[in-house]
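Engineer: Produce the entire structure from the sequences given, and follow the hints as far as they go.
Chains as they are written, first to last, in my numbering: chain A, 1 to 217; chain B, 1001 to 1299.
Don't read these hints as lab results, they were simulated from the structure.
Everything numeric in this text was worked out from a predicted model, so none of it was measured.
Think of the CB as a built atom: it goes at the ideal place given N, C-alpha and C, for glycine as much as any other residue.
One or more of the hints may lead you astray.
Only pairs whose alpha carbons sit at most 25 Å apart, straight line, appear in this in silico PhoX-like list of lysine-lysine [unchecked claim]: (1) A:89 - A:51; (2) A:217 - A:176; (3) A:68 - B:1230; (4) B:1075 - A:51; (5) B:1127 - A:68; (6) A:45 - A:11; (7) A:195 - A:11; (8) A:45 - B:1075; (9) A:89 - A:130; (10) B:1013 - A:217; (11) A:197 - A:158; (12) B:1075 - A:112; (13) A:200 - B:1075; (14) B:1013 - B:1149; (15) A:89 - A:112; (16) A:51 - A:68; (17) A:11 - B:1013; (18) A:154 - A:130; (19) A:136 - B:1013; (20) B:1075 - A:89; (21) A:113 - A:136; (22) A:200 - B:1149; (23) A:129 - B:1013; (24) A:68 - A:89; (25) B:1075 - A:113; (26) A:130 - B:1075; (27) A:89 - A:136; (28) A:11 - A:154; (29) A:51 - A:217.
To be clear about the criterion: a stretch of chain B counts as covered by chain A if any three or more of its residues have a C-beta under 8 Å from a C-beta of chain A, and this derived list gives those stretches [claimed, not checked]: (30) 1013-1019; (31) 1097-1108; (32) 1144-1153; (33) 1221-1229; (34) 1285-1294.
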Amino acid sequence: MARWGMVIDEKRCIGCWACTIACKQEHFLPPGVFWNRVLIGESGKYPLVSKEIYPILCNHCRDPICVKVCPTGATYQRDDGIVVIDYDKCIGCRYCVIACPYQQRTFYNDDKKEYFPGQGLTPFEVLGKKLYPLQKGTVTKCTFCVERIDAGLKKGLKPGVDREATPACVNACVPKARVFGDLDDPSNEVSRLIKEKKGKQFHGEFGTDPAVYYLAK
Amino acid sequence: MMVNLRPYEWMVKYTPQREWIEGCGIFLWLAFILGGIGGGLYLTSLYFNNYTGLILGWIIAVILKGGIHLAELGKPLRAWRVLCNPRNSWITRGLILVIGFGIFGALQIAPAVFPSLPWTSDALVLKVLAALFAFLMILYPGFVMGYIKAIPLWNNALLPVLYLVYGLLDGCGLCLLLVLAAGVDQTALLKIVGSFTVLLISMIVIVSIYFTTTGYANNAGKESLQIILKGHLGPLFYIGVLVLGIVFPLGIFAFTYLTGSVSVVLLTMGVICQLVGSLSIRFCLLKAGLYMPLIPGRR
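Structural biologist: Pasting the structure below:
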């Protein structure tokens, strides 16, 4: 069984937010809910200033603390390492939101928000509520576009290689800063990049072993 | 080098947890406190043989705490699902403890309300089981919070002990108020005053060790401590926790215990002040919980 993971090359990322938009579009995420974020800023002082860009998403840890603390089993880890939430089981206790060291979970509690306040829902939002109905009072987060991966695998496609089976943020990434693939396959590009370019994880000290690696500048 | 950013400060600065103290998260603070007060009142009432305290403690811990927990949930109608993960989740274990206390506590108290029942309130098995569940119920919020490595202020082995001592102290104080209201003899009263004073001194020791060990934790732990001692939580800590919660009640109770002269007004004020201290410290702990910044941690 594969263990899906992602490598993000900081040197390649240009901070265009295409991944953020693609993710919102793919999952019809309501206002205020982001599964994918891009952090852009500057460090240093003039004239030695450098631009810092960090795309951030759920790390789909190998040893996820969110799965351990969930009292209902709503948050669970699939055999392929992807951590997902069953909205029908989530009770909204927010223990997972508190426990995630990466603060990548959102408590969705305001289903009245509109993209254009006071003007009603757009056709996009109406469709989203039908296709990806988030439940008020539950927690939500990135799924690595699990529905694309599953559908792609059924068709014999390879996630990370075939666009149809690859997460939307990876497809949308213009400079190809994101690479998706099987972390347990040494010949896969993600494994190769992590090994050759010394990919690093966020906060390794928590022992969660994230599946998202960053290649430093 | 610290990255200077505006939109996502939570990624580059120490960021406070908000879910369990702001908005409906405030109910969790209240529920944890009521669990401590209810369990503590039950245990101390069992020790001092006060039936009113037993009943009140059970109502506070089971009915009030349970109701407030439901109000805090995003989907309260699914609350039964909390029982699904006892192997890993401290919330599940907590609910099991509350249910256990609810059952054995009710069985132990029932004969006092319904004398026709075939067993008595003095049944040792029921007393031991109810006391055990009450004891663990006071402890578990400390484990719920202490399990979270991401917030160093909470990730401290002493947190359950701190919750235990505060729970017993709150319960002992309320038990004293009940005894005062019932007008029991002075010897029994002084016995409770003595226990309260000992608990208060234990609490001072544990709070001191807790904050000292947090000071040796990582930078987020130190930053949390700064917020409590020197930051915006400073007034609450010094006035609520130290003066009202420790100095004032300690003075009153030590004086009462040593001189043997009982002043109902002073003792009542002492208990109320200690309760304010108990509310304050738990608020400070929840409010000052900080995450490590996401970005500089790996640099």
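Engineer: Against this structure, judge whether each hint is valid.
Structural biologist: These are the hints, each one checked on the structure:
With a CA separation close to 42 Å, the supplied pair residue 89 of chain A and residue 51 of chain A exceeds the 25 Å bound. Restraint check for residue 217 of chain A and residue 176 of chain A: the C-alpha separation of about 15 Å stays at or below 25 Å, so the hint holds. Between residue 68 of chain A and residue 1230 of chain B the CA atoms are separated by roughly 35 Å; this puts the pair beyond 25 Å, and the hint is violated. Using a Cα cut-off of 25 Å, the hinted pair residue 1075 of chain B and residue 51 of chain A is violated, with the two alpha carbons roughly 42 Å apart.
Annotation: proposed proximity of residue 1127 of chain B to residue 68 of chain A is violated, straight-line Cα distance about 33 Å (limit 25 Å). A threshold of 25 Å between alpha carbons decides the hint, and for residue 45 of chain A with residue 11 of chain A the separation of about 20 Å falls inside it, so the pair holds. Straight-line distance between C-alpha atoms of residue 195 of chain A and residue 11 of chain A comes to about 17 Å, which keeps the hinted pair within the 25 Å bound. Restraint check for residue 45 of chain A and residue 1075 of chain B: the C-alpha separation of about 48 Å exceeds 25 Å, so the hint is violated.
At most 25 Å may separate the alpha-carbon atoms for a hinted pair to count; residue 89 of chain A and residue 130 of chain A meet this at roughly 19 Å. Pair hint residue 1013 of chain B plus residue 217 of chain A holds up; C-alpha atoms about 21 Å apart against a cutoff of 25 Å. Between residue 197 of chain A and residue 158 of chain A, the direct Cα distance comes to roughly 23 Å. Compliance with the 25 Å bound is thereby established for this hinted pair. For the proposed pair residue 1075 of chain B and residue 112 of chain A, the alpha carbon gap of about 17 Å is at most 25 Å, so the pair holds.
About 37 Å separates the Cα atoms of residue 200 of chain A and residue 1075 of chain B, which puts this hinted pair outside 25 Å; it is violated. At roughly 17 Å between alpha-carbon atoms, residue 1013 of chain B and residue 1149 of chain B fall within 25 Å of each other, so this suggested pair holds. In summary, the hint linking residue 89 of chain A to residue 112 of chain A is supported, as the alpha carbons are separated by about 22 Å, within the 25 Å threshold. Simply put, residue 51 of chain A and residue 68 of chain A have alpha-carbon atoms about 37 Å apart, too far for the 25 Å limit, and the pair is violated.
For the suggested pair residue 11 of chain A and residue 1013 of chain B, the alpha carbons sit about 23 Å apart, so the restraint of at most 25 Å is met. Annotation: proposed proximity of residue 154 of chain A to residue 130 of chain A holds, straight-line Cα distance about 24 Å (limit 25 Å). With a CA separation close to 29 Å, the supplied pair residue 136 of chain A and residue 1013 of chain B exceeds the 25 Å bound. Restraint check for residue 1075 of chain B and residue 89 of chain A: the C-alpha separation of about 9 Å stays at or below 25 Å, so the hint holds.
Distance restraint check for residue 113 of chain A and residue 136 of chain A: the Cα-Cα separation of roughly 11 Å lies within the 25 Å cut-off, and the hinted pair is therefore satisfied. For the hint linking residue 200 of chain A to residue 1149 of chain B, the alpha-carbon distance of about 20 Å falls within 25 Å, and the restraint holds. Restraint check: the Cα-Cα separation between residue 129 of chain A and residue 1013 of chain B comes to about 35 Å, which exceeds 25 Å; the hinted pair is violated. Taking the CA atoms of residue 68 of chain A and residue 89 of chain A, the gap is near 15 Å; set against the 25 Å cutoff, the hint holds.
With a C-alpha separation of about 19 Å, the suggested pairing of residue 1075 of chain B with residue 113 of chain A holds against the 25 Å cut-off. The hinted pair formed by residue 130 of chain A and residue 1075 of chain B meets the criterion: a straight-line CA distance of about 20 Å does not exceed 25 Å. Restraint check for residue 89 of chain A and residue 136 of chain A: satisfied, since their Cα atoms lie roughly 13 Å apart, inside the 25 Å limit. For the suggested pair residue 11 of chain A and residue 154 of chain A, the alpha carbons sit about 34 Å apart, so the restraint of at most 25 Å is broken.
Of the pairs offered as hints, the one joining residue 51 of chain A and residue 217 of chain A holds, with about 11 Å between alpha carbons and a cut-off of 25 Å not exceeded. Figure legend: the region 1013-1019 of chain B, annotated as covered by chain A; annotation consistent (3 residues with Cβ-Cβ distances under 8 Å, at least 3 required). Interface restraint, the region 1097-1108 of chain B with chain A: violated (0 residues with C-beta to C-beta distance below 8 Å; minimum three). Judged by the Cβ-Cβ criterion of 8 Å, the region 1144-1153 of chain B is covered by chain A as claimed, because 6 of its residues qualify and three suffice.
For the region 1221-1229 of chain B, the stated coverage by chain A is violated: 0 residues have a C-beta nearer than 8 Å to a C-beta of that chain, whereas at least 3 were required. With a threshold of 8 Å between beta carbons, the proposed coverage of the region 1285-1294 of chain B by chain A holds, since 3 of its residues qualify and at least three are required.
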